[in-house]
Amino acid sequence: MFTEIPGIILMFVLLIILAIPFGRYIGKVFNYEPTRLDFLLNPLDNLFFKLSGINPNKQMNWKQHLGVMLLLNLIWFLLSMFILMNMGWLPLNPDKNPGMNPDLAFNTAISFICNTNLQHYSGESGISYLGQLVLMLWQFLSAGIGIAAAAVVFVAMKERTTEQLGNFYSFFIRSCTRVLLPLAVVVAIILAFNGAPMTFNGKDTITTLQGDTMQVSRGPAAAFIAIKHLGTNGGGFFGANSAHPFENPNYFTNIVEMVAQMIIPVAMLFAMGYMLKRRKLSWMIFGVMTIGFLILTVPTVLAELQGNPAIGKMGISQSSGNMEGKEVRIGSGASAYWSIATTVISTGSVNAMHDSFMPLSGMNQLLAMMVNCFYGGCGVGFLNFYIFVIIAVFISGLMVGRTPEFLGKKIEAKEMKIASIIALLHPFLILTGTALASYIYAHNPAAYAAWLNNPGSHGFSEMLYEYTSSSANNGSGFEGLGYGNGSSVGDNTLWWNITCGVVMLLSRFLPIIGPVAIAGILAGKKFIPESPGTLKTDSATFGIMVFAVIFIIAALSFFPALSLGPIAEYFGMK
Amino acid sequence: MKQHILPAIKLTAICLVFFSVIYPLVIWVIAKASPGHGEGETVSVNGKIVGYALEGQSFTQDKYFNGRPSAVNYNAAGSGGSNKGPSNPEYLKEVQNRIDTFLVHNPTVKKEAIPSELVTASGSGLDPDITLQGALVQVNRIARARNISNEKIEALIQSQKNKSLNGIEKLNVLQLNIALDKLK
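So the sequence lines, in the order shown, correspond to chains A and B.
For the first sequence, counting from 1, position 326 maps to 326 in the working numbering; every step adds exactly one.
In the working numbering, each residue's number is its place in the second sequence (first place is 1) plus 1000.
Derived by calculation from the structure, the hints in this document are not laboratory data.
Since the model is a prediction, treat every value here as computed from it, not as a measurement.
Virtual Cβ for every residue (Gly too), placed ideally from N, Cα, C.
It cannot be assumed that every hint is accurate.
Claimed, not checked - A few chain A residues that face chain B, going by a derived Cβ cut-off under 8 Å, partial list only:
(1) T199
(2) Q210
(3) Q318
(4) G325
(5) K326
Said to hold, decoys possible - Derived list of chain B stretches under chain A, where covered just means 3 residues or more per stretch with a C-beta under 8 Å from a C-beta of chain A:
(6) 1123–1132
(7) 1166–1175
Build out the structure end to end from the sequences listed, making use of the hints.
See the structure below:
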């Protein structure tokens, strides 16, 4: 049973070894220092800017940065809606899959431009190859937006007073071509050589050894899976996501995909340390995040390795662990590790079905998304953490009776208001959504029987998970949602498409706008050099303070909901 | 903001060409050199394709090693798990039924030898593998159905098993059954 542990430790160690130098590289990219790929990428970037008539050297203030960001996303949304609704007759559709309904297209378009990749369709039957390739574009660009927004905040955190925070187009294109693209090419090639398909041919029909007829879906999957992980997007090419043998052929590709999805969020921390010359601050943040990650990971791995006690009672061997919804080549331990990794960061790709995890494992997955900043998504993970840092600075300042300062800038009422609103937005969206859905279901369980695939507390968890995943821009699901009562429609209904779409939209852009605004306002303030009285934000004590803030906000907001769902289920199984 | 609209549209168009056309084409060309040429690797017996190397397929007959239960009946035009919660009474009844059915087909096997993955549905519904233990508990049934000695089948299992990096000893059910068909 514990033979699976070394593989898990290997995945984590490999991540740290690769993330530190890659973080330094990202730091160089946004400091505009020379790197080895310049000979190839300088001309490429220049081509992008020349053809689109953009001057990448024009400085912007924080409002202009946000304006450009929102404008780009609006254009992408419109293009996405058009393709998704019309792909039935557009080219690259060998399987003759139909276009999407307006509400499903709305949900899917928002889901992919918001880096969420919540999927209310199945890749095999719900989308054409053209649709897949366009969604893949958003997997690059939405991750690029997140990284660029974090870069704006890094630049704003420098020790000086300025309104000029670089050029958004330049940060954005650099994120796509210099951070995401080189890794995507490498990962895609590794996947292709391990058996992930990369073809434009449609379904194949074969006769099996036993004589049955079997259809096999294929497609340009290798390229898609690489960026879905690197960009912390997580949308599967196939319905079963990375549990599908074509998406994740063996344990080696499992390691590659695991490291790929975590490397940029972790590397961003080291990039910040490099750009600000504050390595200790990087390590403080990394330490807090890692402790949070491990607190959620260890019990989950152990629970899944031990198996389902209800099945254990039937008298069979539990040596493989809880295997419902899991794959033999990956194993229950590595699946459990992945389930927490994919929820602390906002990937949301799955290599096992989260709906079938043990109750407390499901709770840890939910908690990971509720906190949403233990590493977090590409760029945005740091932005979420930044909000908690601001709150922690303010509270610590009050506790020791000094003016709260962060990196030489005074934190005042305006910044605190923004930070509080952003910190409360996430619980607000999750709990309101779940409350509304529960109300509707509870008032007419017969009419909405198809909503829930499982009875009792677990059914409640399915709804809670859907809104948590939407609001965390995660995109994984308790995929039983919508398949109750023999329904085949799934979560592709008007209610779930629209409400989840709205939640994803709000929880994507407000938490980017908030931190960029705070950082922009702070950058314009007078710089106060460090003195003996300054609160040291790169110390372990401050780390504990930030952790306490995160813990208290998560515990106060979410404990009641969790106790109705996974905790009740856990005690019900005893 | 107005002066940004046109550049933003143009930039989107260029990104579309680069990331949705050039990038996948480059990977597509490189994948041509991979073992399956990017089409998905197939397995043939006597020149006839009988399956995809990575995807499990349905084996229900007693003379073959049976794979794991599948929520999509091994129809690879779709994929997915059962999404049943661990405490769902209906689900637990289904697992109990699978155990009972297994015992009917394999009367010599003791209940505590059945590994959980043989009675639980996989995540993709296309899991190509079973564990070593999952293969060993089926030996008696297959030996009887094919009139071959247990030892020969056990030897076949030992020669076919492989250990992946996670320390789990597993067997590809399709490969195993092809080898089984060749066994005299």
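Hint check:
no., hint, result
1, T199, "5 Å, holds"
2, Q210, "6 Å, holds"
3, Q318, "6 Å, holds"
4, G325, "4 Å, holds"
5, K326, "5 Å, holds"
6, 1123–1132, "holds (count 9)"
7, 1166–1175, "holds (count 5)"
Consistency with the previously given hints is maintained throughout, with no hint failing.
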